[in-house]
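Turn these sequences into a full structure, and let the hints guide you.
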Amino acid sequence: MPQTTGERYRVAPVHRRGREWPFPLNLYQTAVGRKWVMALTGIGLIGFVVAHMIGNLHVYEGPARMHEYAETLRTIGGGLVPKGTVLWLLRAGLLAMFVLHLHSAISLARMSRASSEQAGLVSGAKKYPGGRDHVAATYASRTMRWTGPIIALFILYHLADLTWGWWLDDDFVPGDPYHNVAESLGNLPVAILYIVANVALAWHIFHGAWSMFQSLGVNNPRYNHLRRSLATLVAGLILVGNLSFPILTQAGLITEDERSCPVGEVIGNACLAEQAKDH
Amino acid sequence: MSGSNGTTINVTLKVWRQAGPDAPGGFEVHQQAISTDASFLEMLDQLNEQLNDDGNEPVAFESDCREGICGTCGVMINGRAHGPQKATATCQLHMREFRDGDEITIEPFRAAGFPVVRDLAVDRSPLDAIIESGGYISVNAGAASDANLTPVPKAAADTAFDAAACIGCGACVAACPNSAAQLFTSAKIGHLGLLPQGQAERWSRTEAMVETMEEFFGSCTNHGECSEACPKEISLDFIAFMNRDYLKAKVKNRSLAGQR
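Top line first, the protein sequences correspond to chains A and B. Once you know that position 127 of the first sequence is 127 in our numbering, the rest is easy, because the numbers rise by one and skip nothing. Once you know that position 137 of the second sequence is 137 in our numbering, the rest is easy, because the numbers rise by one and skip nothing.
Derived from the structure by calculation, the hints contain no laboratory data. Hints are supplied without guarantee of correctness; some may be wrong.
Each computed DSSO-like pair below joins lysine-lysine, with the alpha-carbon atoms no more than 30 Å apart [unchecked claim]:
{"#": "1", "chain 1": "B", "residue 1": "K14", "chain 2": "A", "residue 2": "K127"}
{"#": "2", "chain 1": "B", "residue 1": "K154", "chain 2": "B", "residue 2": "K86"}
{"#": "3", "chain 1": "B", "residue 1": "K14", "chain 2": "B", "residue 2": "K86"}
{"#": "4", "chain 1": "B", "residue 1": "K86", "chain 2": "A", "residue 2": "K127"}
{"#": "5", "chain 1": "B", "residue 1": "K154", "chain 2": "B", "residue 2": "K14"}
{"#": "6", "chain 1": "B", "residue 1": "K248", "chain 2": "B", "residue 2": "K154"}
Here's what the structure looks like:
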C-alpha cells in the first residue's frame with residue numbers, strides 16, 4: 001500500500017529499484033527489458049511449436065516415415081558430432097527460453113498486481129468495485145495468464161505421455177513415435193485434453209504474436225495492419241495442424257491396423273528402416 | 001442560456017465516497033434531475049450544492065479548465081475512464097450522452113500509484129515524478145524566431161505534436177488492467193525524442209523516465225485499453241517507439257569497458 005509523505009504529498013514508490021547489474025543483464029531488471037526477453041523467447045517458442053507441428057505431419061505418411069523423421073532429428077549435425085548432440089543442444093535452448101518466458105511473465109504479472117492494489121480494496125487483480133468495461137482488450141489478451149499455465153501444465157503432461165511414457169506403461173515403446181501416438185491419442189479423454197490444450201496454445205499465440213511486435217518496438221505505420229493478420233495466420237496454422245492429430249487419430253486415420261512392420265524399438269528395427277529407404 | 005434544446009432527465013448516481021487515503025470507501029446513491037445540456041461536472045456541481053444545502057459533505061472531485069485541455073479532471077464513469085464518449089475528457093462529456101432513468105456509477109481512477117485523496121480525487125503526482133526525471137530539454141531554443149530556424153521534418157513534427165497532445169490526466173493508467181503508465185510515458189518520450197531539440201537528452205531521458213515509471217506502475221501487456229480511454233487518442237505506436245528507444249538507450253548509456 002502506498003504511503004503518502006512530505007509536504008508536497010508525494011506518493012512513495014510502489015516498487016523499489018535494486019542495485020544495477022552490469023550491462024546486458026541490467027535490461028532484465030526492468031519491465032520493458034523483460035518484455036523484450038518475453039517477446040524474443042516467444043518468437044523462439046513459436047518457432048519450436050511450428051517446427052514441431054510440421055515435423056509431426058510425417059505421422060500421416062505412416063510409421064516408416066515417422067521413424068525416419070525421428071532418426072533425422074537425432075542425426076542433425078551429421079557425422080561431425082556424436083549422434084543426438086545437436087538435438088540435446090536444441091532442447092537445452094528450448095528449456096532456457098521456456099524458463100525465461102515463464103519467469104518474466106510471472107514476475108511482471110506480480111509487478112502489475114502490486115501496482116493495482118489500493119487501500120481499502122481487495123488486493124490482487126485490478127478491481128473496480130463498480131465494475132469496469134473492457135473496450136479494446138481482446139478475450140485472448142485478458143486470458144494470457146490463464147492460457148499460459150494451461151500450456152505449461154500440458155507440456156509436462158505431454159512429455160510424461162509421449163517422451164517418458166509414464167501412462168502408457170507397457171504400451172509405450174521408446175523410439176516408435178507412430179505407435180505411441182496411435183496408442184495415446186486413440187484414447188478419447190486424452191484426445192480431448194490435447195484439443196483443449198492446443199486451443200489454449202493458439203489463443204495464447206493469437207495475442208502473443210501480435211503483442212511481441214509492440215514489445216520489440218517493431219512498428220511501422222505502413223505495415224502495422226499486417227501484424228494482426230500475421231498473428232491470426234500463425235495461430236490459425238498451429239491450431240489446424242495441432243488439432244488434426246487428436247481428431248484424425250480418433251477418426252481412425254492414425255492406426256496400427258495396416259502396419260506391416262512389427263512394433264518395436266526403432267533403433268535396429270530393420271523393417272521400418274528398409275521401408276523408409278524405399279519410400 | 002438561450003437556444004437550449006435540452007430536456008431534463010432523471011439519473012441515479014452511485015458515487016464513490018472515501019474520507020481519506022486509508023479510510024474505507026463505499027458507494028453512495030443520489031438521485032439527480034439534470035438538463036441534458038449540462039456537462040457531467042456541472043451535474044456533480046449541482047449534486048454538491050444540494051449536499052451543501054442539506055448540510056452534508058460535498059463530493060470531492062478535481063477539475064480546472066473544463067475545456068478538455070488541462071488534464072485535471074477524470075473519473076471512472078460506468079467502468080470507463082472519462083466515460084462512454086470516445087476522445088472526450090470527463091469535463092467535455094455532456095449529460096445528453098445519458099438517458100432518462102440511467103444509473104451512473106462514478107469511481108476514482110484506481111492504481112497503487114494513484115492513492116485516493118478523498119472521494120473521486122486521486123494523487124497523480126507519480127506522473128509528475130516521471131516528467132521530472134527527464135521530461136525536459138536543455139537546449140537554448142532562444143526566442144520564437146530562433147526556434148523556427150531549426151528545421152523539423154513535417155512527419156516528425158506531426159507525430160511529435162500527436163504525442164504532445166497528452167494532457168497527463170492518467171486515464172491510461174486507470175483503464176489499464178495492469179495499472180501501467182506506458183501510454184503517458186511514451187507520449188512524453190515520443191514528443192521530445194522525435195524533435196531535433198530533444199536529441200541531446202534522448203537516451204538519458206528515455207532510460208530515466210522508463211525507470212521512474214516502473215517505480216510506480218505496472219507492466220504493459222498490450223491490451224490497448226489505454227489508447228481507447230485516452231481523451232487525446234494517443235496511439236499505441238508511441239509505446240513501441242519507447243520500447244525500441246529504451247533498448248537503444250541501455251546500449252548507448254552503458255559505461256564503456258574499464259570505466260565501471
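Structure-based check of each hint:
1. In summary, the hint linking K14/B to K127/A is supported, as the alpha carbons are separated by about 16 Å, within the 30 Å threshold.
2. The straight-line distance between the Cα atoms of K154/B and K86/B is roughly 27 Å, inside the 30 Å bound, and the hint therefore holds.
3. Pair hint K14/B plus K86/B holds up; C-alpha atoms about 22 Å apart against a cutoff of 30 Å.
4. With a C-alpha separation of about 22 Å, the suggested pair K86/B and K127/A falls inside the 30 Å cut-off, and the hint holds.
5. At most 30 Å may separate the alpha-carbon atoms for a hinted pair to count; K154/B and K14/B exceed this at roughly 47 Å.
6. With a C-alpha separation of about 24 Å, the suggested pairing of K248/B with K154/B holds against the 30 Å cut-off.
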